[in-house]
Structure formats: C-alpha cells, structure tokens
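Engineer: Line by line, the protein sequences give chains A and B.
Residue numbering for the first sequence follows our numbering, starting at 1 and increasing by one per position.
Residue numbering for the second sequence follows our numbering, starting at 316 and increasing by one per position.
Take these hints with a grain of salt, some might be off.
[Stated by the list, open to error] Derived pair list, reagent style DSSO-like, types lysine-lysine, alpha-carbon separation capped at 30 Å:
{"hint": "1", "chain 1": "A", "residue 1": "Lys63", "chain 2": "B", "residue 2": "Lys533"}
{"hint": "2", "chain 1": "A", "residue 1": "Lys156", "chain 2": "B", "residue 2": "Lys441"}
{"hint": "3", "chain 1": "B", "residue 1": "Lys509", "chain 2": "A", "residue 2": "Lys63"}
{"hint": "4", "chain 1": "A", "residue 1": "Lys308", "chain 2": "B", "residue 2": "Lys403"}
{"hint": "5", "chain 1": "B", "residue 1": "Lys403", "chain 2": "A", "residue 2": "Lys63"}
{"hint": "6", "chain 1": "A", "residue 1": "Lys174", "chain 2": "A", "residue 2": "Lys219"}
{"hint": "7", "chain 1": "A", "residue 1": "Lys306", "chain 2": "B", "residue 2": "Lys403"}
{"hint": "8", "chain 1": "A", "residue 1": "Lys63", "chain 2": "B", "residue 2": "Lys317"}
{"hint": "9", "chain 1": "A", "residue 1": "Lys306", "chain 2": "B", "residue 2": "Lys511"}
{"hint": "10", "chain 1": "B", "residue 1": "Lys441", "chain 2": "A", "residue 2": "Lys306"}
{"hint": "11", "chain 1": "A", "residue 1": "Lys305", "chain 2": "B", "residue 2": "Lys509"}
{"hint": "12", "chain 1": "B", "residue 1": "Lys444", "chain 2": "A", "residue 2": "Lys63"}
{"hint": "13", "chain 1": "A", "residue 1": "Lys156", "chain 2": "B", "residue 2": "Lys444"}
{"hint": "14", "chain 1": "B", "residue 1": "Lys317", "chain 2": "A", "residue 2": "Lys286"}
{"hint": "15", "chain 1": "B", "residue 1": "Lys511", "chain 2": "A", "residue 2": "Lys308"}
{"hint": "16", "chain 1": "A", "residue 1": "Lys279", "chain 2": "B", "residue 2": "Lys403"}
{"hint": "17", "chain 1": "B", "residue 1": "Lys317", "chain 2": "A", "residue 2": "Lys305"}
{"hint": "18", "chain 1": "A", "residue 1": "Lys306", "chain 2": "B", "residue 2": "Lys444"}
{"hint": "19", "chain 1": "A", "residue 1": "Lys305", "chain 2": "B", "residue 2": "Lys403"}
[Claimed, not checked] Some chain B residues judged to face chain A by a derived CB distance under 10 Å, without partners named:
{"hint": "20", "residue": "His343"}
{"hint": "21", "residue": "Asp382"}
{"hint": "22", "residue": "Trp406"}
{"hint": "23", "residue": "Ala407"}
{"hint": "24", "residue": "Leu460"}
{"hint": "25", "residue": "Gly461"}
Everything labelled a hint here was simulated from the structure, so no lab data went into it.
For every residue, glycine included, the Cβ atom is placed at its ideal position computed from N, Cα and C.
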Amino acid sequence: MSVHDLEKVFQEKIDSETKIEPLDWMPEAYRKTNIRQISQHAHSEIVGMLPEGNWISRAPSLKRKAILLAKVQDEAGHGLYLYSACETLGISREETINDLHSGRAKYSSIFNYPTLTWADIGAVGWLVDGAAIMNQVMLTRTSYGPYARAMVRICKEESFHQRQGFESLLVLSKGSPEQQAMCQDAINRWWWPALMMFGPRDSESTNSDQSMKWKIKRKTNDELRQQFVDMCVEQVKLLGMTLPDPNLKWNAERNHYDFGEIDWNEFWQVVKGNGPCNKERLQARKQAWEEGAWVREAAAAHAAKKQKRTAAHAA
Amino acid sequence: MKATLDYILHLADNALILGQRNAEWCGHGPVLEQDIAISNISLDLIGQARSFYQYAAELQGNGSTEDTLAYLRHERQFRNILLLEQPKSDWAYTTLRQFFFSAFQQLLFQQLSTQADERIGAIAEKSLKEVNYHLRWSSEWVVRLGDGTEESRRRLQQALDDSWPFVNEMFQAENFELESGVRVEELQAAWTEKVKACLAEAGMEMPVTSLTRHGGKKGIHSEHLGYILAEMQYLQRSYPGCEW
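Isolated chain A (complex conformation):
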C-alpha cells in the first residue's frame, strides 16, 4: 500500500471511532504528537508531586497527612501508566525523562506556581485537578488506545482528588476568620493559573486543528475552559468564597458565564521558563534522578549477577 492509502485507512479508522493500537500503521506526525502529549502529561504528574509534596510534612492532622500522601503517590502511579503508554510508541522511559531534564519536553505550567499555605493544597485539588479532569475526561475518548485506557483509570482517581480538595476547602471556609482568609487567598492565587491550564486561545493554538482531526483532542481549549468556568462559578458559592474576576457574569444569550481576560503575558512568561518555580521544579527532578543513579546502577548490577549465578547453577 502506498503511504497515501495507508493514511486513508488510518483516517477512516479514526473517523469510525476505531482506536489506534501500538502495532497499527500511523503517520509519523501522529506518533510524534502523541509522544509529545503523553510524555508532557506524564511529566506533569511527576513534577506535580512537588508542590503538593511540599505540605506532606506539615499537614495539619494525621488524616490530612495520610490523604495528601496517598494523593501524591497516586500522581506517581499516573506518571507510571503514562510513561508506559508512551513506551508503546517506541520511546523509552529513560529517553522521555532525559527530555524533561534537558528542557526539551514541557510539563504543565501550573506546577511552576508555589504552594504557600495549607489552603493551597485544597485549592490545587479543587481547581488544578478540576481543570485537569475537564481535559482528561475528553482524553478517555482520544484516538490512541493505550492513552485512552490509561486516562480511564486516571480520571477515576482524579475526580476523587478533586472532591477531597474541595472538601478540605469547605472545612476551611467554615473555620476561623484566619482559615477563611487563607482559603480565599488561595483561590485568588490559583484561579487564573488554573484557567491558563487549558492553553492558548483557539485562535492562537498551533497544535489544535490537526489534533482535532486525528481525534487526539476532541474539544478545543476554549470550549474546555468555558466548561470549567461554568462549573466553578457554581461550586465557589458552596464555599461562600468568590472568584477573583470582576467580569464574571451570566450571559443568557450564550448560556454561559462571560469572564475576564487571562493575562497572556504571564502565561507565556511561565511557559518560557520565567515562572516563580520553574527552576526549582526542574532542579528537584534532576537532583532526585542524579542522586538515585547509584541506586539504579546497584539494582541493575545485582540483577545481572543474580541472573549469571542462576545460569551457572542451572548449567
């Protein structure tokens, strides 16, 4: 079959909602886009462990400590599934991780913001996981089979995390005046970065059109962002808190909330490495990897020796 025919068969599969599997023929650009997106997603899970992990030692009760530790551990698990999904496209976990450390691969910019108070842990759960879920629910129907299946599992855990985050804010919102102020402050700081998680406006997004055609993405950045805003406006009322946007207003014509303009200058600054924690996050990941090198080498050396001994014994 000519490449042209292969591409035709491929697009027909996509159009008829048949999943693309690792051994199927796929255009090189489809493979690359998936590698880029899945690895970026995996890195986000791993880097995302850092801002939340920042509060494990200081969690205010044993129950909260256990919940937070379990949550961060879940993120590590998500990273594992996603690196594995990535490997089905022919790139090893080590290569993928090297791309993160060299700065070639990106991760979600949201994790370049600091978690300054305990309320940030609740706000991250509610807003950051909440925004991530919008994207991830869509991805359970993405065209690449291993990615879609990993997302099904991840989504279940993420929605649990989001509820836990919201519940933790709910407790603060009913607490002392200081706790309430802490809660509102965290919402104020995380709201706009959470909206930025959906990426540039559709008119500015370079990767969107082809990804929509290949059903890697199934909703546009702006559609997902709108869905998220509509959801949060209702939820914040339950907290008795406000969202830091004077332009939020119900629009009966559109049947959606209108909202203010994102600070796109800040968005691009953080993407380009100039966010509050870009350097620290990457440094922490590199350090863990470098300091763990002797451990990985020892494990490999032991496994090799053991195999040799078993072989010698069998002979």
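Start from chain A and add chain B according to the hints.
Structural biologist: Here is chain B on its own, set in the frame of chain A:
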C-alpha cells in the same frame, strides 16, 4: 494504666516518626516504582500510628484525640526510639533502617498479637501483614545494595556503621514495657539471627561496636526530633483549636 498509655504512645510515636521521615522521599525517590513503595510504607506507618493514638486517646479521655497526641505533645513527651528520628540520609540508610525496624516490628507484633491487651493485639495483628511486606521489601534492598556495585556496597557499609549504635535501644526494656508485660529483650536473639542471615546474603559483616545510643523511650532525644516536631506541628500550634 499509666504504663499502658505510655507504651501505646511509644508504639504510636515509633510509627509516626518513621512515617514522617520516609515521607520525605515522596517525589524524590531514585526511581518511580520505589518512590511509590517508600511512600506506601510511610502511609502504612502513619495508619498504624493513628490506630495506636486513637486507642491512647480513648484511654486518656479528657477530650484528647489522635491529633492532640501527635500535634500537641512536646519533644520530651515523645517516646520513639532514636533510630527512627535520624535523618533519612541516602537510600542505603533509609532501606537499612527500615529493615532493622521492620524485623523488630515483625517479632514484636507477633508477640503482641497473642499476649498483650486485646486492642493492642488487634492493631498488631492487622499491622503484621503490612510489616511482613516492609520487611521483604527492605531486606531485598539490603541484599541488592550489598551485592550491587562498589559504591552501593560502600554506602551500605556506611549506613551500617552509622545506624548500628541505635539498634540496642529496641531491646532495652523500659518500665512501661515491663509493666505492660512486653519482653523486648527476648526478641533480640531472633532479630540478630534474621539480620545476620540477610547481611550474609548481602555479603556484609555484622558490625562490631561498643557505641550505643539510647534515651528516646525516656523522652531524651537527639537534636533531630525538635525539628521534626516543629515542622509537623506548626499549623496546629499557629492556629490553636481549629478544625482542618
């Protein structure tokens, strides 16, 4: 009653302080699978601590809870052994310490599940399943590091030298143990045998040293504990009486 309470707090503090130390690895482990494993052990230990604190709180009454016990007691009131509050150091120290403690916990919980008061027995029995896994995981790492590379061997040797003086405290009975009918000194022979076997498999020698460090059970700690508590308790102390 006072002895039982102190003993339960000792068991709880041991689990909490090691849980707190191990959790420092979360997000910083040498490889993803092991990051998950050590966090998991930390979670199990925090779970054990909660069970023991909850029981202690019931015995103590006066509105105490698992959190008042963990978050509002001071350095001198903590009863954990010194080994567990030492810094996590490197992967060799962390896994070796886990191995020492899990080997001890396994023997202790076997004893407690049959002869201690019913509630302690039930917690011990429930925790044993976890402890068995911790022991298997950590002993595998000791073997791996001893048998691995020159560097891993050197680091394991360092960890052995550094941690060995703290070992004896596990087997030195304190009054609250004697009065609770617990015989930790009787566990030492079986423990030593287990450790010896594992170290032999790792190609390591049993350390010989006359140095011993103890005092944790009496509330005389190393300088590290104060920092652990300062960090752990900070929110409860900054905003007293709040729900979280």
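Engineer: None of the hints should be skipped; say for each whether it holds.
Structural biologist: We went through each hint and held it up to the structure:
1. A C-alpha spacing of about 27 Å is found between Lys63/A and Lys533/B, which places the hinted pair at or below 30 Å, so the restraint holds.
2. With a CA separation close to 28 Å, the supplied pair Lys156/A and Lys441/B stays within the 30 Å bound.
3. Of the supplied pair hints, the one linking Lys509/B and Lys63/A is violated, its CA atoms being roughly 34 Å apart against a limit of 30 Å.
4. For the hint linking Lys308/A to Lys403/B, the alpha-carbon distance of about 33 Å lies beyond 30 Å, and the restraint is violated.
5. As the CA atoms of Lys403/B and Lys63/A are separated by approximately 23 Å, the hinted pair is consistent with the 30 Å bound.
6. In summary, the hint linking Lys174/A to Lys219/A is not supported, as the alpha carbons are separated by about 36 Å, beyond the 30 Å threshold.
7. Only pairs whose Cα atoms come within 30 Å are accepted, and Lys306/A paired with Lys403/B is accepted, the gap being roughly 28 Å.
8. A threshold of 30 Å between alpha carbons decides the hint, and for Lys63/A with Lys317/B the separation of about 26 Å falls inside it, so the pair holds.
9. The hinted pair formed by Lys306/A and Lys511/B meets the criterion: a straight-line CA distance of about 20 Å does not exceed 30 Å.
10. As the CA atoms of Lys441/B and Lys306/A are separated by approximately 34 Å, the hinted pair breaks the 30 Å bound.
11. Annotation: proposed proximity of Lys305/A to Lys509/B holds, straight-line Cα distance about 23 Å (limit 30 Å).
12. For the proposed pair Lys444/B and Lys63/A, the alpha carbon gap of about 21 Å is at most 30 Å, so the pair holds.
13. Of the supplied pair hints, the one linking Lys156/A and Lys444/B holds, its CA atoms being roughly 27 Å apart against a limit of 30 Å.
14. At most 30 Å may separate the alpha-carbon atoms for a hinted pair to count; Lys317/B and Lys286/A exceed this at roughly 49 Å.
15. For the suggested pair Lys511/B and Lys308/A, the alpha carbons sit about 25 Å apart, so the restraint of at most 30 Å is met.
16. Pair hint Lys279/A plus Lys403/B holds up; C-alpha atoms about 25 Å apart against a cutoff of 30 Å.
17. Under the criterion of a C-alpha separation no larger than 30 Å, the hint pairing Lys317/B with Lys305/A is inconsistent with the structure, at around 53 Å.
18. Of the pairs offered as hints, the one joining Lys306/A and Lys444/B holds, with about 28 Å between alpha carbons and a cut-off of 30 Å not exceeded.
19. About 28 Å separates the Cα atoms of Lys305/A and Lys403/B, which keeps this hinted pair within 30 Å; it holds.
20. The beta carbon of His343/B comes within 4 Å of a beta carbon in chain A, closer than 10 Å, and the hint placing it at the interface holds.
21. Restraint check, Asp382/B versus chain A: the minimum CB separation of about 5 Å is within 10 Å; hint holds.
22. Interface restraint check for Trp406/B: the shortest CB-CB distance to chain A comes to about 5 Å, inside 10 Å, so the restraint holds.
23. Checking Ala407/B against chain A: minimum C-beta separation of about 8 Å stays under 10 Å; hint holds.
24. The closest approach between the C-beta of Leu460/B and any C-beta of chain A is roughly 5 Å, which is under the 10 Å cut-off, so the hint is satisfied.
25. Of the supplied interface hints, the one on Gly461/B holds, with its beta-carbon coming within about 9 Å of a beta-carbon of chain A, less than 10 Å.
Of the hints listed earlier, those the structure fails to meet are numbers 3, 4, 6, 10, 14, 17, in rising order.
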